Amino acid sequence: MIFAITRRSFQALITLLILSLLAFTAVYAIGDPILLLIDAQASSLEQEALRTRLGLDQPMPVQYLYFLQNLMSGDFGRSFVSGEPALRLILERLPATLELAFVALLIATVVGVPLGMIAGLNAGSRFDRVVSVFSVLGFSVPSFWIGIILILVFSVQLGVLPSFGRGDTATLFGIASSLWTFDGWRHILLPATNLALFPMALLIRLARAGASEAVRLDFIKFARAKGVTTRRIIFVHLLKYISISLVTILGMQLGLLIAFAIVTESVFSWPGTGKLIIDAMNSLDRPVIVAYLLIVGCIFVIANTVTDLLYIVLDPRIRSGGGNDPR
Amino acid sequence: MTTNAQTPQRLLSADLLAGFWSSKVAVIAAFVFVFMVVLALAAPWISPQDPYDLSQLNLLDSRLAPFEKGIDGTVYLLGTDQQGRDMFSAILHGLRISLFVAVVSSVTALVIGTSLGILSGMRRGWLDTVLMRIVDVQLSIPAVLVSLVLLAVLGRGIDKIIFALITVQWVYFARTARAATLVEMSKDYVEAAQSFGFSRTRIMFWELLPNVLPPLLVVAMVEFAHAIALEATLSFLGVGLPITEPSLGLLISTGFAYLQNGEYWISLFPGIALLLLVFNLNLVAEWFRESLDSRRR
Amino acid sequence: MSDSILAVESLTMGFDSKDGFVEIVRDVSFSVRPGEILGIVGESGSGKSLSAYSIMGLIDPPGRISAGKIWVGETNLLDLDEESMRELRGTRIAMIFQDPMMTLNPVLRIDTQMIEAVQSHFNITRRDAIARSAAALERVGISDPYSRLRSYPHELSGGMRQRIAIAIAVLNSADVIIADEPTTALDVTIQSQILYEVQRLCAERGTSAVWISHDLGVVSSLADRVCVMYAGQIVEQGPTEDVIASPRHPYTAGLLASTPGRGTPKKPLSQIRGSMPTPGSIPSGCAFRERCDFAQERCLDAPELRGATGEDRFVRCHFPFGENGASK
Ligand SMILES: Nc1ncnc2c1ncn2[C@@H]1O[C@H](COP(=O)(O)OP(=O)(O)OP(=O)(O)O)[C@@H](O)[C@H]1O
Ligand SMILES: [Mg+2]
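Chains as they are written, first to last, in my numbering: chain A, 3 to 329; chain B, 127 to 423; chain C, 444 to 771.
Only chain A is shown next, with the shape it has when bound in the complex (with noise of 0.2 Å):
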């Protein structure tokens, strides 16, 4: 378990490592990097004092340990617009995307779950063609196609949602969030439904395969045999069967649902890193994308470093070492 836990992080770091190489390479290594970081007036001497105040006459891989050292004193840079440190641009707008993801894998979680376990259940049923067809909706519909039609269904025609911002925010146990208002929930119910398609529809199909097989093992026959109620059989023997790897999923949507809420966020105009990044992106903004992307790198390769150790503690095949069947 320890040994685990040890290798998975070392994994985790070799890999930011490598991100922190590709961001490097992005900004700094292609073009001149001074006409990046300074104002296109300025003159040739003043550039020279920058390029040695940075250590950029220095060769490239110093450069790299000056650019690492940056990062570890949480120096990304500033922004060429706002002149602010990118970092600092960033954290402030995480905690509303966080949310929104959050609230997203909730909602993906609650529904496409059991959706899927009844689909499988019923495999070859009306109700479980249904479930693929609207499932394939979910893989294959640009979402912010979606999110155009919940806009206009529930917040122009029906009019009883707001289509766009975060809403009133409240401090509670040292978190402000969005979620502890009821404004706040009105304005999140719209963005995180969108956001939640995607992994729902990945849940539906995983649920769906899952119940589908496990149904057929005989461990559910012998709870069955036993007189197990069929409400038992479904929320404790396949449930828990297949959450091992249904949790897996989740943790590494979490991930992913950071950087698929660029397209929501464009849509609601919600004040997230999404918006951020491609307002940065159409201002040329790079230390801003490169704090962008070592920032959901980060959270991307915690997320799955957590996961994995999660699945280490939910399987019990797995917690005692190997797996292997001491027959």
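If you are wondering where the hints come from, they were derived from the structure by calculation, not from laboratory data. Keep in mind it's a predicted model, so treat the numbers as computed, not measured. The beta-carbon is built from N, C-alpha and C at its ideal position, and this holds for glycine as well. All clues given are correct.
Residues from chain C shown here face chain A by an in silico Cβ test under 8 Å; the list is partial:
no. : residue
1   : R529
2   : F540
3   : D542
4   : M545
5   : T546
6   : L547
7   : N548
8   : I611
Calculated cross-link-like contacts (lysine to aspartate or glutamate; reagent style EDC-like; alpha-carbon spacing at most 20 Å):
no. : chain 1 : residue 1 : chain 2 : residue 2
9   : A       : K223      : C       : D554
10  : A       : K223      : C       : D542
11  : A       : K223      : C       : E525
12  : C       : K512      : C       : D618
13  : A       : K223      : C       : E526
Given chain A, work out where chains B and C with the ligands should sit, using these hints.
Frame of chain A, contents of chains B and C with the ligands only:
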């Protein structure tokens, strides 16, 4: 050359097609998709106006609702946009652009990905290791993010977006082609062909390719739809096609501004065209995937 | 029927398929008396497991029971709704499955799986349920039951898991236990331990059992009476010793001759020629006629399961051995 060792599975065998005709969902989906493609091809001849010939546009006719009559009495079936452009014509031309981008990028990605995948599966060794590492890393990052970053570095333009799409797509083909190659390589007929002294390249093209095709066909359909969707998304975000190439995504994007005032048609109708294209293609692909899966069992 | 605890009457089950209803279990009847062990023997595919699932009400579509009655006491199980059937499972009739590696849920602890078996039927506390489970484990010869209860299935050996499955089956003092080849997947030494355990349990508590096996040897050492199944039908039924000493159906005779350690010593093992017909391609008339050395024209008519007067023996053959007019 024929080997009796193992009959390679044929791409479009009769019973697969027979099964296809008996699936209502798949047939309707395929029909709608083909219909959309025909509409796009016929756009210059069937669209009521040339939507990008400014002399044909009348600003006084701007933002008319569907079926509303214009100044000169023309009825606009799907309404007009803010420049008085007939939405129906704009959609037909948008379809063309969307399909063009998707065809070019998917076909290129298919050729590159399949070749690399087969090569990688046949040669194994360091090439395989390196390629598959790249594929794994790319598959773990969302396609939107990869293409966004590429476009941020490259800038806008139809060539740039095609390049970005190819970069995103080739890995799916490579992964599938490699996996199928590994399976086929372990079968008798490849060994038989090798023992007859056929060169690797020959085996690759004449023996492996037809057998690797069925799974690739599914991926090709999914990826084609994916390319359409991704281009639309990027154009909607404003980092995709330039305003001179108004694809469906771009049309939706311009209409989005008017959505709040209830002028839904500028966004909605191009959106429906997009939906029909992408969703139906995926339904067909899904059907193929399922029937190929059930045959393999 | 009041002297039997479980009575199956003309049970027929099969599967709905493209080509119509394919019968698997055909007109099967038998009864089990209190405290009795009934053996059911038959080749793989003869429909033994599906007969057992039919009794337990565990047939899923496209499978379906098309005819027959299954009496437990005064109730016909086929008249019950799902909830009453559920209440009956585990309390009146219990079942043990073939492969102990597959019957326990790999992600739930043993105690969870035992407690739920009790609490599904009785409104008792968790602590009492645990005590009851531990007692049941001890009864099947498991030492240190409390630490076993805290294990996961994969931490236990196959023999241990099968003991646990048996403990679960006896947990609620069921009247009848249906054991579907519970020792086939185990080592020979463990096999005999399990056999002994089941025999002892049944004797101690007067529990009846239906013991399904493809091994006539196993059944003969355990069962009071035996049914021989062939192609979904019972072809011979009677007290174990009598059936083994003087089989009346040619199939039973062939089965005995091909069982090692049976029949005359030194005589080489014989084999029944051909193989059992698959469901859907069973010949008309006597199902065994194509493999039978004694088949005659009359065998084109399907024989009934007939009883000889004054004896507890039944045979489905026009020309049974050891009766008047026998073929040999
Ligand atoms: N779901 C199903 N659909 C169609 N036929 C089935 C199905 N399940 C079982 N059968 C058929 O029913 C027949 C009887 O199966 P059953 O499992 O009862 O045999 P068995 O006597 O228990 O054999 P074994 O000793 O191998 O366990 C087999 O020929 C099998 O092919
Ligand atoms: Mg069986």
